[in-house]
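Visitor: Quick mapping for you: the protein sequence lines, in order, are chains X and S. With the first letter of the first sequence counted as 1, position 60 gets the number 60 in full-length UniProt numbering; the numbers rise by one all the way through. With the first letter of the second sequence counted as 1, position 81 gets the number 81 in full-length UniProt numbering; the numbers rise by one all the way through.
Quick caveat, the hints were computed from the structure, so don't treat them as lab data. Just so you know, these numbers come straight off a predicted model, no measurement behind them. A hint or two may mislead.
Only pairs whose alpha carbons sit at most 25 Å apart, straight line, appear in this in silico SDA-like list of lysine to any residue [claimed, not checked]: (1) K75(X) x I57(S); (2) K46(X) x D19(S); (3) K75(X) x Q60(X); (4) K158(X) x E73(S); (5) K46(X) x T18(S); (6) K157(X) x R87(S); (7) K158(X) x L90(S); (8) K28(S) x K75(X); (9) K28(S) x Q60(X); (10) K28(S) x K57(X); (11) K157(X) x Q60(X); (12) K157(X) x E73(S); (13) K75(X) x Q30(S); (14) K57(X) x Q31(S); (15) K157(X) x K43(S); (16) K57(X) x R48(S); (17) K75(X) x E73(S); (18) K28(S) x R59(X); (19) K43(S) x S141(X); (20) K158(X) x I57(S); (21) K157(X) x S141(X); (22) K44(X) x R87(S); (23) K43(S) x K158(X); (24) K46(X) x Q51(S); (25) K43(S) x T98(X); (26) K145(X) x N59(S); (27) K157(X) x Q31(S); (28) K75(X) x D65(S); (29) K158(X) x R87(S); (30) K157(X) x E63(S); (31) K145(X) x R87(S); (32) K43(S) x V138(X); (33) K46(X) x N61(S); (34) K157(X) x L90(S); (35) K158(X) x R62(S); (36) K145(X) x N55(S); (37) K44(X) x E73(S); (38) K158(X) x D66(S).
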Amino acid sequence: MTSPSTTIPNIVTNTDISRDTRRKKRKNKTQKHHQQDQIQINPKWKSQEQQQIYSTKLRQAITRVNSSSTPRRGKAVREAADRALAVTARGRTRWSRTILMTRLKIKFRKKKPNRVTALPSTRSKKSRVNVFRLKGKVVPSMQRKVRFLGGLVPGCKKEPLPVILEEAIDYIPALEMQVRAMSALFNLLSASTSGAGVSSG
Amino acid sequence: MSSRRSRSRQTSSSRNITDDQIHDLVSKLQQLLPEIRNRSSDKVSASRVLQETCNYIRNLNREVDDLSERLSELLATTDTAQAAIIRNLLMQ
Chain X
1 MTSPSTTIPN IVTNTDISRD TRRKKRKNKT QKHHQQDQIQ INPKWKSQEQ
51 QQIYSTKLRQ AITRVNSSST PRRGKAVREA ADRALAVTAR GRTRWSRTIL
101 MTRLKIKFRK KKPNRVTALP STRSKKSRVN VFRLKGKVVP SMQRKVRFLG
151 GLVPGCKKEP LPVILEEAID YIPALEMQVR AMSALFNLLS ASTSGAGVSS
201 G
Chain S
1 MSSRRSRSRQ TSSSRNITDD QIHDLVSKLQ QLLPEIRNRS SDKVSASRVL
51 QETCNYIRNL NREVDDLSER LSELLATTDT AQAAIIRNLL MQ
């Protein structure tokens, strides 16, 4: 058995294969396991592989940024970083698709055929008190917070509550990884430039 | 995409989402937030989780903006020799 080298295509293939086998196993398992697999099926933003994949894309994207006008340069870098992040997410989440589509300036309304509506109150006879819903409607004090959160996550301004929550659950680790990758890149570059400055000085 | 569709089919056959699922999502979100994770995880209200989530996402966005500003300055404010070095590093 040959150990795979740590080149990026190999890592992607391994992730795909393991994801498919996990998907097949999922049908035999119970709901609880199903939930655990759900977390794994989305790209694991904490893993080193994802960060490497993203760093490579980030580097390529940044080289393409031309320092044309000064005020826009930082913005251009941010947009390039976001695009690289969305590509790394493989378009499986709403926020990543929104970022990619905004770039291409395509107005693509992707309406889900089954909209999630409010629950009839007769079903909620559980012991847990639900803060979000009362008599089938979202509590107004929570509504504002939910809308605000939906405004923060790209592409979720008009989405219902569970969608916003799911998107946020994926968006936050992705942002954390973006911060890690960009600061690592920054340290690498600043160390090398300072070193180069010393040697050429 | 298919995983997402099958997930919705399994959990919300009648196109409704249960309160339990919302509760699960909120607790999952809560696990991601650094401030709440350190304290007892049972006694945090959903409203607090939402608030902390908003704050955290805003902070992360600010950090990313700040980092991209610094990266762009690094790329620009260097002379040609150093810029070439940087570009070589980035191309690797």
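Visitor: Give a verdict on every hint.
Guide: Hints, verified against the model:
no.: 1; hint: K75(X) x I57(S); verdict: holds, 18 Å
no.: 2; hint: K46(X) x D19(S); verdict: violated, 29 Å
no.: 3; hint: K75(X) x Q60(X); verdict: holds, 17 Å
no.: 4; hint: K158(X) x E73(S); verdict: violated, 36 Å
no.: 5; hint: K46(X) x T18(S); verdict: violated, 29 Å
no.: 6; hint: K157(X) x R87(S); verdict: violated, 38 Å
no.: 7; hint: K158(X) x L90(S); verdict: violated, 39 Å
no.: 8; hint: K28(S) x K75(X); verdict: violated, 32 Å
no.: 9; hint: K28(S) x Q60(X); verdict: violated, 34 Å
no.: 10; hint: K28(S) x K57(X); verdict: violated, 29 Å
no.: 11; hint: K157(X) x Q60(X); verdict: violated, 31 Å
no.: 12; hint: K157(X) x E73(S); verdict: violated, 33 Å
no.: 13; hint: K75(X) x Q30(S); verdict: violated, 31 Å
no.: 14; hint: K57(X) x Q31(S); verdict: violated, 29 Å
no.: 15; hint: K157(X) x K43(S); verdict: violated, 29 Å
no.: 16; hint: K57(X) x R48(S); verdict: violated, 36 Å
no.: 17; hint: K75(X) x E73(S); verdict: holds, 11 Å
no.: 18; hint: K28(S) x R59(X); verdict: violated, 32 Å
no.: 19; hint: K43(S) x S141(X); verdict: holds, 19 Å
no.: 20; hint: K158(X) x I57(S); verdict: holds, 18 Å
no.: 21; hint: K157(X) x S141(X); verdict: holds, 17 Å
no.: 22; hint: K44(X) x R87(S); verdict: violated, 29 Å
no.: 23; hint: K43(S) x K158(X); verdict: violated, 30 Å
no.: 24; hint: K46(X) x Q51(S); verdict: holds, 23 Å
no.: 25; hint: K43(S) x T98(X); verdict: violated, 35 Å
no.: 26; hint: K145(X) x N59(S); verdict: holds, 17 Å
no.: 27; hint: K157(X) x Q31(S); verdict: holds, 23 Å
no.: 28; hint: K75(X) x D65(S); verdict: holds, 8 Å
no.: 29; hint: K158(X) x R87(S); verdict: violated, 41 Å
no.: 30; hint: K157(X) x E63(S); verdict: holds, 22 Å
no.: 31; hint: K145(X) x R87(S); verdict: violated, 43 Å
no.: 32; hint: K43(S) x V138(X); verdict: holds, 21 Å
no.: 33; hint: K46(X) x N61(S); verdict: holds, 18 Å
no.: 34; hint: K157(X) x L90(S); verdict: violated, 36 Å
no.: 35; hint: K158(X) x R62(S); verdict: holds, 23 Å
no.: 36; hint: K145(X) x N55(S); verdict: holds, 11 Å
no.: 37; hint: K44(X) x E73(S); verdict: violated, 31 Å
no.: 38; hint: K158(X) x D66(S); verdict: violated, 28 Å
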